[in-house]
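Visitor: Listed below are the residues making up each chain.
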Amino acid sequence: MTERPRLAVVGAGPAGLAAALTAAARGVRVLLVDAADQAGGQFYRQPAAGLGARRPHAPHHRWRTWERLRTGLERHRAAGRITHLTDHHVWCVAGESGSGGFTVYALRGPGQEEGVTVRADAVLLATGGYERVLPFPGWTLPGVVTAGGAQAMLKGQLVLPGRTAVVAGTGPLLLPVATGLAAAGAQVAALVESAGPAALSRRLPALAAQPGTLAEGAGYAARLLRHGVRVLPRHTVLAAHGTERLEAVTVAALDRTGRPRPGTARRVRCDTLAVGHGLLPHTDLAETLGCALSGTAVRVDAEQRTDVPGVWAAGEATGVGGATLALAEGRIAGQSAAARLYGTAPDPRRWAAADRTRARARAFAAALDSVYAPPAGWAERLPDETVVCRCEEVTAGRVCEAVGTLGAGDARTVKLLTRAGMGWCQGRMCGPAVAGLTGCPLDPGRRPFARPVPLGVLAGLPDTE
Amino acid sequence: MAGAACALYAARAGLEVRVVDRGAVAGGTTGAGEGNLLVSDKEPGPELRLALLSARLWAGLAQELGAAVEYEPKGGLVVASAPGALAALRDLAARQRSAGVTAVPVAADRLPDLEPYLAPGMAGGVHYPQDAQVMPALAAAHLLRASGARLHPGHTVTGVLRGADGMVYGVRTDRGDIHAPAVVNAAGVRGGELAALAGIRLPVLPRRGFVLVTEPLPRRVRHKVYAADYVADVASDSAGLRASPVVEGTAAGPVLIGATRERVGFDRSLSLRAVRALAAGAVGLFPFLRQVRALRTYAGFRPYLPDHLPAIGPDPRVPGLFHACGHEGAGIGLAPATGLLIARALTGKAPELDLTPFRPERFDTQGGNDGESP
Ligand SMILES: Cc1cc2nc3c(=O)[nH]c(=O)nc-3n(C[C@H](O)[C@H](O)[C@H](O)COP(=O)(O)OP(=O)(O)OC[C@H]3O[C@@H](n4cnc5c(N)ncnc54)[C@H](O)[C@@H]3O)c2cc1C
Ligand SMILES: Cc1cc2nc3c(=O)[nH]c(=O)nc-3n(C[C@H](O)[C@H](O)[C@H](O)COP(=O)(O)OP(=O)(O)OC[C@H]3O[C@@H](n4cnc5c(N)ncnc54)[C@H](O)[C@@H]3O)c2cc1C
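Taken in sequence, the protein lines are chains A and B. By our numbering, the letter at position 320 of the first sequence is numbered 320, and the numbering carries on one by one without gaps. Residues are numbered in our numbering as their position in the second sequence, beginning at 1, plus a constant of 1000.
Treat each hint with caution, since some may be false.
Stated by the list, open to error - Derived list of chain A stretches under chain B, where covered just means 3 residues or more per stretch with a C-beta under 8 Å from a C-beta of chain B: (1) 407-415; (2) 445-451.
As the list claims (entries may be wrong) - Restraint ranges, calculated between C-beta atoms of paired labels, are given here: (3) A/A302 with B/G1253: 45 to 53 Å; (4) B/G1253 with A/A363: 55 to 63 Å; (5) B/P1218 with A/Y342: 48 to 56 Å; (6) A/R245 with B/P1218: 50 to 58 Å; (7) A/G111 with B/G1253: 15 to 23 Å; (8) B/T1156 with A/R4: 48 to 56 Å; (9) B/G1060 with A/D384: 26 to 34 Å; (10) B/G1253 with A/R163: 52 to 60 Å; (11) A/G460 with B/G1265: 45 to 53 Å; (12) A/R390 with B/A1013: 41 to 49 Å; (13) A/C440 with B/G1159: 49 to 57 Å; (14) A/H227 with B/D1174: 42 to 50 Å.
Simulated from the structure, these hints should not be mistaken for lab results. Glycine included, each C-beta is placed from N, C-alpha and C at the ideal position.
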């Protein structure tokens, strides 16, 4: 049997799909492994099949790109070039000593209890990102959801998280979330963005190089206006209030230095607060494979290769930049991986268009990054009793005590002394807050298990490396 | 941990203490291990004497520091699955008893009274009420705070300062010199490197260990439970993977399963082989753990010396230099006794127990009996 080389792609979002289709088209056998029950990732999230939605694409734009990806996937699947393993949660990818190949370890089934292993000659990590949420008093009340969570509910389950919503935080994702909620019939009382409008226009040169996205932004603005959503730039949510669940939020204006302006605080009634402070890349699988990171993202070269031979990465995992960037990176990674799996050096001319898109989108993402920032001094304003780590119920006060009187100068020591970050989410949620309170840069940290693994699955692994 | 204990007892002996560390508190092996304070796993001999002294000191420290260090005198339960192993275990227990350890044989049908979720079919066990536990990072941080010593975190020692007469007068760090008439080497697994800075040889080597941590659970594991093979693993000279685990519940909820023993240098990368072995051992002892999820795993490097005993006391080769390192897999347990013995030596008082087996220069005289070279 002449075996075609096998590439495991982890993540079936825009990046993973683009990579899988590209590599499959060049004769590689692709194993597309994803935790969701359908392809699409964050951006093209599909309503659950059982919901029988008549117009599943209603909350989407860029529908045509998605249709191309979806029909491409169907075609390659039917031809046996792509195997799509849905509902497979990857907890580890390990290099095999000797063979140079890789084993992908996943959990399957409703309770993620069944262990599955998949072998491949190379891996491509397209695991996307997760939301950064910074704590504030009241953020643990029922009714406070992440911006992405609200979006996922809309896209995936076609349900509204609440009736009167406030969308708050910082970053370009707040716009689609607010318009999505409004279009679905929620009353959006306000869009509270801590960045200022002027900051955006000063970056106009970089933005102008990205006509598509600008138009998209303008489109959102028009839609918000149409739905009567109040946009409050340079504002922040100081606190969420409620006894059993969320009833209102306090919103205040920020001064030029990013601090709340005295006398501007006011209450806004709402039953839902969708809050987000940007995205962070998923780096766990890459880190355990030994890939170098740069900042909080997986480091890649011009071909989207990590520094570990046989491991590629694309999309949000290598830096947050939106779906267009993810698609371009996925195409480049797929080309490179396919060529190298057949033992040839790839020809960069094959991806010249994707390369241009990638350069533009990265410049745009960098510009956005410098515009959108959480309000200055948010960490110092956090009251001692506010819970920072929800899993282990660690308060801001305990973190500050560890830093102040026990001599912890970094997030790892804070974790050891307070348990912040040791719980179920392994610090994905509280990491940015702990870093802020400790006064050190966010360290992506080590999570050898990207998902919690039943001991029975670990005990049943074959007795080899 | 060793440095924190030395600081505490030296300060209490009236000395002014400074603690220099290239990282933060508990940034070394102490922050990457577990906090079992065991007498049960030790053969009668110098290490057991150190452990018994430490067990008493820990109980006293726990009274002072209260819940802050999460001290739990929960006791250990060693179980044997087969009659042969049980006989060996009972024999060890008898010898330990004559060395001062409380070791109570438990018949097979009494095991469920102590551990209701233990796998059925065990041949029997031994209960060790003196075994206890602390949370190591908290213990180090609180001992340091209680010492009142001045901390110099983020200072890497790059040299040992010695006068014309050979006497030590301080250390050189990357951020300036710190003067002191006595220097204690509590650099853990880097203790050999620190000794080398003073021009002497102390063959401290790393022995890697992985620990598995589960999701938080209501308490189902009451003691420190381990299989009788564990003692053989601890004493083993093998470089290969040894993995009979100690299973224990913690105050915070998760069950800790640790730890493997492997000599692979300073390789921190995940070993699925090691975690597989830990999981298999734990599930063998407590079948209910099969469905329980491991949230994380971490690795640390035990500082070990070829004869598995620490180096404690003054170094005759370098007057003014003292050693408190090389405690291998027992450095948390042995820390208070180490600190006390160092404080005695620093103030010229007679030690509580014979320091001869822990002499730091012992590897020079034994001529190439190091097991392996660093
Ligand atoms: C709320 C929200 C709104 C957004 N709105 C816009 C917008 O309007 N415009 C825009 O350009 N971008 C938007 N984005 C960003 C866009 O979604 C991302 O840029 C894009 O989805 C990134 O693609 P990706 O393929 O890198 O990752 P994703 O789309 O996140 O896909 C990653 C996939 O990997 C899978 N995965 C991750 N880890 C594992 C694992 N361990 N095992 C198995 N599978 C795993 C996930 O299930 C997921 O399917 C938005 C993002 C969010 C969260
Ligand atoms: C997986 C595992 C499980 C374990 N379980 C237990 C257990 O249950 N019970 C138990 O008692 N023990 C256990 N141990 C062993 C225990 O953790 C160690 O023996 C103990 O932590 C050693 O403490 P230490 O202070 O000597 O070393 P460390 O904690 O490593 O401290 C040494 C310090 O010296 C600093 N340092 C080194 N070089 C320099 C330099 N040049 N300049 C400045 N600073 C320097 C380091 O930064 C470090 O902070 C376990 C170990 C492991 C790995």
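Visitor: Kindly confirm whether 41 to 49 Å is satisfied by the beta carbon distance between A/R390 and B/A1013.
Guide: Since the Cβ atoms of A/R390 and B/A1013 sit about 45 Å apart, the hinted range of 41 to 49 Å holds.
Visitor: Is 49 to 57 Å a correct range for the gap between the Cβ atoms of A/C440 and B/G1159?
Guide: violated, 28 Å
Visitor: Between A/G111 and B/G1253, does the C-beta distance stay in 15 to 23 Å?
Guide: Given a distance of about 20 Å, which is inside 15 to 23 Å, the answer is holds.
Visitor: Given a hint of 50 to 58 Å, does the C-beta separation of A/R245 and B/P1218 actually sit inside it?
Guide: violated, 28 Å
Visitor: So the hint says 55 to 63 Å: do the beta-carbon atoms of B/G1253 and A/A363 match that?
Guide: violated, 47 Å
Visitor: Range first: 52 to 60 Å. Now tell me if the beta carbons of B/G1253 and A/R163 are that far apart.
Guide: violated, 37 Å
Visitor: Count the residues of the stretch 445-451 of chain A with a beta-carbon closer than 8 Å to any beta-carbon of chain B: does the count reach three?
Guide: holds (count 4)
Visitor: With respect to the beta-carbon atoms only, verify the hint that B/G1060 and A/D384 lie 26 to 34 Å apart.
Guide: Distance hint for B/G1060, A/D384 holds at roughly 32 Å.
Visitor: Do the Cβ positions of B/T1156 and A/R4 conform to the proposed distance bound of 48 to 56 Å?
Guide: holds, 52 Å
Visitor: For A/G460 and B/G1265, compare the CB-CB distance with the range 45 to 53 Å and indicate the outcome.
Guide: violated, 29 Å
Visitor: At the C-beta level, are A/A302 and B/G1253 separated by a distance inside 45 to 53 Å?
Guide: holds, 47 Å
Visitor: Is the distance from the Cβ of B/P1218 to the Cβ of A/Y342 consistent with 48 to 56 Å?
Guide: Distance hint for B/P1218, A/Y342 holds at roughly 55 Å.
Hints 4, 6, 10, 11, 13, 14, counting from the list given before, are not met by this structure.
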